[in-house]
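Participant: So the chains spell out like this:
Number of protein chains: 2
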Amino acid sequence: MTGIADVAALAGVSKATASRALSGSGYVSSAARERVLDAVDRLGYVPASNAVGLATGRTRAVGVIIPYVHRWFFAAVLEGIQQVFLDSGDDLLLYNAMPGSVGRALIFDDFLARKRFDGLVAVGLEPDDAELARLGALERPVVSVVGEAGPDVIAIDDVAAVTIAFEHLRALGHERIAFLGGGDPSRHWARVDRRRLEAFQALMRDAGLESAARHVPSAVDVAGGFAAATRLLTAPGPRPTAIIGTCDEVAIGAALAARGLGLSVPGDVSLVGIDDHELAVTFGLTTVKQSPFEQGARAARVMLERIAGRESLIEGPAECGLVLRTSTGPA
Amino acid sequence: MTGIADVAALAGVSKATASRALSGSGYVSSAARERVLDAVDRLGYVPASNAVGLATGRTRAVGVIIPYVHRWFFAAVLEGIQQVFLDSGDDLLLYNAMPGSVGRALIFDDFLARKRFDGLVAVGLEPDDAELARLGALERPVVSVVGEAGPDVIAIDDVAAVTIAFEHLRALGHERIAFLGGGDPSRHWARVDRRRLEAFQALMRDAGLESAARHVPSAVDVAGGFAAATRLLTAPGPRPTAIIGTCDEVAIGAALAARGLGLSVPGDVSLVGIDDHELAVTFGLTTVKQSPFEQGARAARVMLERIAGRESLIEGPAECGLVLRTSTGPA
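Taken in sequence, the protein lines are chains A and B.
Using this note's numbering, the letters of the first sequence correspond one by one to residues 120 to 450.
Using this note's numbering, the letters of the second sequence correspond one by one to residues 120 to 450.
Simulated restraints, written as ranges between beta carbons of each label pair:
hint: 1; chain 1: B; residue 1: G435; chain 2: A; residue 2: E397; range: 30 to 36 angstroms
hint: 2; chain 1: B; residue 1: A326; chain 2: A; residue 2: T282; range: 57 to 63 angstroms
hint: 3; chain 1: B; residue 1: A427; chain 2: A; residue 2: A150; range: 40 to 46 angstroms
hint: 4; chain 1: A; residue 1: A150; chain 2: B; residue 2: D247; range: 20 to 26 angstroms
hint: 5; chain 1: A; residue 1: R310; chain 2: B; residue 2: E434; range: 44 to 50 angstroms
hint: 6; chain 1: A; residue 1: T282; chain 2: B; residue 2: S431; range: 54 to 60 angstroms
hint: 7; chain 1: B; residue 1: L443; chain 2: A; residue 2: L441; range: 39 to 45 angstroms
hint: 8; chain 1: A; residue 1: S207; chain 2: B; residue 2: S431; range: 34 to 40 angstroms
hint: 9; chain 1: B; residue 1: P218; chain 2: A; residue 2: E434; range: 33 to 39 angstroms
hint: 10; chain 1: A; residue 1: S431; chain 2: B; residue 2: A256; range: 36 to 42 angstroms
hint: 11; chain 1: B; residue 1: A326; chain 2: A; residue 2: D228; range: 56 to 62 angstroms
hint: 12; chain 1: A; residue 1: S431; chain 2: B; residue 2: E267; range: 43 to 49 angstroms
Since the hints were made in silico from the structure, they are not lab data.
Cβ atoms here follow ideal geometry from the backbone N, Cα and C, with glycine treated the same way.
Modelling step: build the complete structure from the supplied sequences, incorporating the hints.
Facilitator: Set out below in structure tokens:
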């Protein structure tokens, strides 16, 4: 059977260098690395990565626990995480833990306990107490993007994001402002969504506009925004002149509802979201942009620090800022 | 150090049963499994899964190579795959191999060669010759959802899907029919997209409608469909009465373009897509429905067969069928 010594000999490097090139740990020049990989190819050598794991105590893998993959935010975070771990040479174990699913129970009861990873990145995880205890029992670093899985969290400041949207509308003279979101508290994003709703309510109160504030609960997707905006825009009484969606998908649903009712955006109603979703450009949506890809990448970089035993602080919230398009105008 | 013998003793089962319960291979009653997991919890036992891998030659993990995660089809396939592997107790290693990226080269040159999985599910992978050679060198089963990574492929029949859309429009009396898609051949989905375009062209020819056929290349997303439909619907000459989008996102882009131009759907133009994307309901889009979640789950089940050494045939293409909504009407 071909061994690491054969690979090293063919590549013309030491066994230690060949080993470092294959494990991805420690410095190896790119020329040497290429010769080693060529030798691996030509000899058909299979690195016994399991054996490497036993020897070093490292698995060279990182887990990612994520409630959804098929939503824009989550998918972009996952791609950002993956990009960093491809660079660092760590495998990515995916745990799709949909809230309330059998699969989620299996992940917490069984898969995580195997500890086949050096650390766990939790994306948008809002764990219950039992789940939180399981995460604590891992004795592995846990780094979050949004969510409440531990002390290390990368996320935008939700109050700041809503404030940016609100102040933009106020500067355009809007007073009758509605918020769509803050829906079913049993659903995912419940806590993020609740914080944004409360921020909106506080801003309206502080501006003396409490009686002009409207809120319609909405599921956090296009269909939810469409339904909520239809209710809002057909309700009796004075129509709001501006809507803040708890995220872009909700605001896009509101745009479709407005068009369906023959209302002009922004002539009859201004719309602003939070995210800069991939559809925001097509809808000309003014929004508070965030980058889930960059948040995922940043969480992965923090994870590499934690695995290396470094306790550097996370410096401030993730970036967000206003992107002006055509969905907002004067009141 | 706590060993498997301690776990077995506390659970009141044999060491073999405790081992089966933890490895997930072989039959264990659910009551025994629960006692074993309780014992693991109470003792803080860490199964040395790497050592298990060395002993059995199995990694208890499956790789998934996928060009994108942030697109509806791919994300739903991934969720379907994950569901089956959560049931079977296999970890899922994610390899996000975006076409043309540095990460993709690393995956093919380095990550796959570690063979930290018992098999590889390839999603929508259109590999070049060098990549195909790497997949062959794995000596592991490869099962695909769409794409051309090997002989085992789960996918709808693209010609059948386009035929369903075409015959629906023909039954409504449409003759001036356009196809949006078949865009840049260097982009992903190029081969799927090309097959659908060619199917459309053959159907129009066979119906004696070659001169009434229109085609505008489109990127395979909402923005692409919007741009292509805007070009199509503002071109000189008689306007098509119906449009087939190569997928729902393109058809949704066309719906937005039509509304933007003041055209009624389906009064002025009928629209039909392929997919049943999550936004199709909101847009009232008539479409040829497929289930990427079910295709992913089916590929995962085939993979478990292959890992177990069974060479059962894949029986026929994945299902697709017409879903009637409000975007199509008489010519």
